[in-house]
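First to last, the sequence lines map onto chains A and B. The working numbering applies: residue 1167 is where the first sequence begins, and numbers increase by one. The working numbering applies: residue 138 is where the second sequence begins, and numbers increase by one.
Treat each hint with caution, since some may be false.
[Said to hold, decoys possible] Footprint (simulated), chain A over chain B, 3 or more residues, beta carbon under 8 Å:
#1 144–150
#2 224–236
#3 260–267
#4 277–285
#5 361–370
[Claimed, not checked] Keeping only pairs whose Cα atoms sit at most 25 Å apart, straight-line, the calculated DMTMM-like set for lysine to aspartate or glutamate is:
#6 A:Lys-1317 / B:Asp-294
#7 B:Lys-380 / A:Asp-1299
#8 A:Lys-1277 / B:Asp-394
#9 B:Lys-434 / B:Asp-185
#10 A:Lys-1454 / B:Asp-294
#11 A:Lys-1274 / B:Asp-185
#12 B:Lys-332 / A:Asp-1299
#13 B:Lys-315 / B:Glu-378
#14 B:Lys-224 / A:Asp-1462
Quick caveat, the hints were computed from the structure, so don't treat them as lab data. We put the beta carbon where it would ideally sit given N, CA and C, even for glycine.
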Amino acid sequence: MRYLFVFLFSCCSYSSVLAQNHVLVIHGGAGSLTPGSVSPGKEAAYRHGMQKALNAGNRILKNGGTATDAVVAAIKVLEDDSLFNAGKGAVFTAAGRNELDASIMDGKTLKAGAVAGVTTVKNPITAARAVMDKSPHVLMAGKGAELFAEKQGCTIMPASYFRTEEQYNTIMDIRRAEQKEQEQKHGSLRQPENPDFKYGTVGAVALDKYGNLAAGTSTGGMTNKSFGRIGDSPIIGAGTYANNNTCAISCTGWGEYFIRLVMAKSISDRIELAHMSLDDAANEMMMKRLPELGGDGGMIGLDRKGNIVNYFNTPGMFRAYIKWNGESAIEMYRK
Amino acid sequence: MVIAIHGGAGTILRSSMTDELQAQYEQGLNDALEAGYTILKSGGSSLDAVEQAVARLEDFPLFNAGKGSVFNNAGKHEMDASIMNGKDLSAGAVSGVNGIRNPIFLARAVMDHSEHVLLSGKGAEAFAAQQNIATASEDYFYNEFRYQQWQEALKEDRVQMDHSDKKFGTVGAVAMDKTGNLAAATSTGGMTNKKFGRVGDSPLIGAGTYANNHTCAVSCTGHGELFIRAVVAYDISCLMEYKGLSLSEACAIVVHDKLKKIGGEGGLVAVDSKGHIEMPFNSEGMYRASIDADGKKTIKIYKD
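I would like the entire structure built from these sequences, with the hints used as guidance.
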């Protein structure tokens, strides 16, 4: 009898929790994307990549998995897809390496994990997850982070795995251009003249059936970056933030500006402290504050009611979402 | 014009403090405070004042930053620093640098002479060489006391906060100059015996350091991981900007309520655009000093 009671009780509470609708939103970076700038074949490949990421994350949400698990699953797919600048397909640093950053945050507990400047981890988002779940730390960098990831069972790959011809050619083009104006500007970095993405970064935000939010971001950084440059992606509050009381945010863009504006947390705080809607908060930060300071890029956001926003002040951004009722969209250009 | 500095927060017990040692700490704080204040008095910027004050704290061997940095697991000194200008929200930071005499000078160079905000490790050191930032040998950073701390931590295979008691060794400064501009700077040697390239809140804009002329300038010291998750320095600014709280109200909420709830021990120094100073902490003590708008100097270690 007692067991029956417990069973009935848990059924009731479970079903009431399940009333929550789940949502997954992803992005694959913002950039100078305009209709016609990408070949139809490549456009289809981008769409296919985003669809696969949506499927991977949505499957988890549908089966009652957590927002954190869904975010990791979706980002892993994007990292494995060499079209996006994260994991395989990451851009090259000035030293000709692929240096990866990633972070994740759980909106329920405000726990977070991140890695910066790792070169051997197949899926940096899994390393960020391990930092969150299995270390007392939030951020680990470089060799130490790689060592930790390996110890935690993250898949390690040789440098050749991350190298794709397209990304390699981009750095060689930049090198050639640079030789001409060498030594003019110390510590200077150029935006990649890649028509597809100016700011290659991938990210995901999710709302699960239990009403919990999570956010994650992963990137190969900026082409030709040097001096161990770290952008906003591995920084909690800048490129990634999640809080059940407000929203989950993942950013992509000129990282330095997103750090200075503490972009992701700023949107959250506008909701929490100034009682703005997610849409108003994101609009103000992305379309006013960011350009005022001279930066550009994009973001995706999701609140606990399932409201979705995406803002970018670049011509385009790879973005997609899927809702509990199957409603879904995949977009690249400005509407 | 006002300035406030800190040399770390934590369990600072009177029982383990001698009069002589306390006098040394106070002297270290006073020297750094005066170095920053002298710049402000002569019409210098708050940015220069916090940079110089932090550099003096880095030079002082008893604080865990620069010369007095703790040993990491590999027996090295891995330092982090950051600086932010409240006038234009420009910022610079370095993490995991080795052999840099004053990491705060390197953070300033990142802000002034690179297109980046945060540089790390070997790359940051290469940038330092390009910028002619002074380096120092292992000998310069060697300190018998720190070495013994590390040996003890190694033996027990534990990561240790600064000192054998629970102390968060970090130094920092905030200031407002004659023209009303705010700035903040923070520097640290991290945690004794730390592994895995752990990065704390000190080099992270928004977490350990933040400055905005519209609100306040903040430099934190404490349990870095929790300060990162709570984005502490920026949180103070947001509570002022979006909720209209005073600096003192915002500090009280963040340090004594929000941080306490998640077990985030530590403290911070802050100044607002009207020149108010706050130096709250939820640990036993915090090495701190300030000179307020009336020129009144305060140097304190314990709660009272």
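Checked hints:
With 0 residues carrying a beta carbon less than 8 Å from a beta carbon of chain A, the region 144–150 of chain B misses the three-residue requirement, and the given coverage is violated. Counting residues of the region 224–236 of chain B whose CB lies closer than 8 Å to any CB of chain A gives 5, which reaches the minimum of 3, so the coverage claim holds. Coverage of the region 260–267 of chain B by chain A holds [criterion: at least 3 residues with CB-CB distance below 8 Å; count 5]. Chain A is given as covering the region 277–285 of chain B, and this is violated because 0 residues of the stretch bring a CB closer than 8 Å to a CB of that chain, at least three being needed.
Closer than 8 Å: that is the beta-carbon criterion, and the region 361–370 of chain B has 6 residues meeting it against chain A, so the requirement of 3 holds. For the hint pairing A:Lys-1317 with B:Asp-294, the CA-to-CA distance comes to about 17 Å; that is within 25 Å, so the pair holds. Proposed proximity of B:Lys-380 and A:Asp-1299 is contradicted: the alpha carbons are some 33 Å apart, above 25 Å. With a C-alpha separation of about 18 Å, the suggested pair A:Lys-1277 and B:Asp-394 falls inside the 25 Å cut-off, and the hint holds.
Restraint check for B:Lys-434 and B:Asp-185: the C-alpha separation of about 20 Å stays at or below 25 Å, so the hint holds. For a cut-off of 25 Å, the pair hint linking A:Lys-1454 to B:Asp-294 is broken: about 50 Å separates their Cα positions. Distance restraint check for A:Lys-1274 and B:Asp-185: the Cα-Cα separation of roughly 41 Å exceeds the 25 Å cut-off, and the hinted pair is therefore not satisfied. With a C-alpha separation of about 17 Å, the suggested pairing of B:Lys-332 with A:Asp-1299 holds against the 25 Å cut-off.
About 22 Å separates the Cα atoms of B:Lys-315 and B:Glu-378, which keeps this hinted pair within 25 Å; it holds. For a cut-off of 25 Å, the pair hint linking B:Lys-224 to A:Asp-1462 stands: about 20 Å separates their Cα positions.
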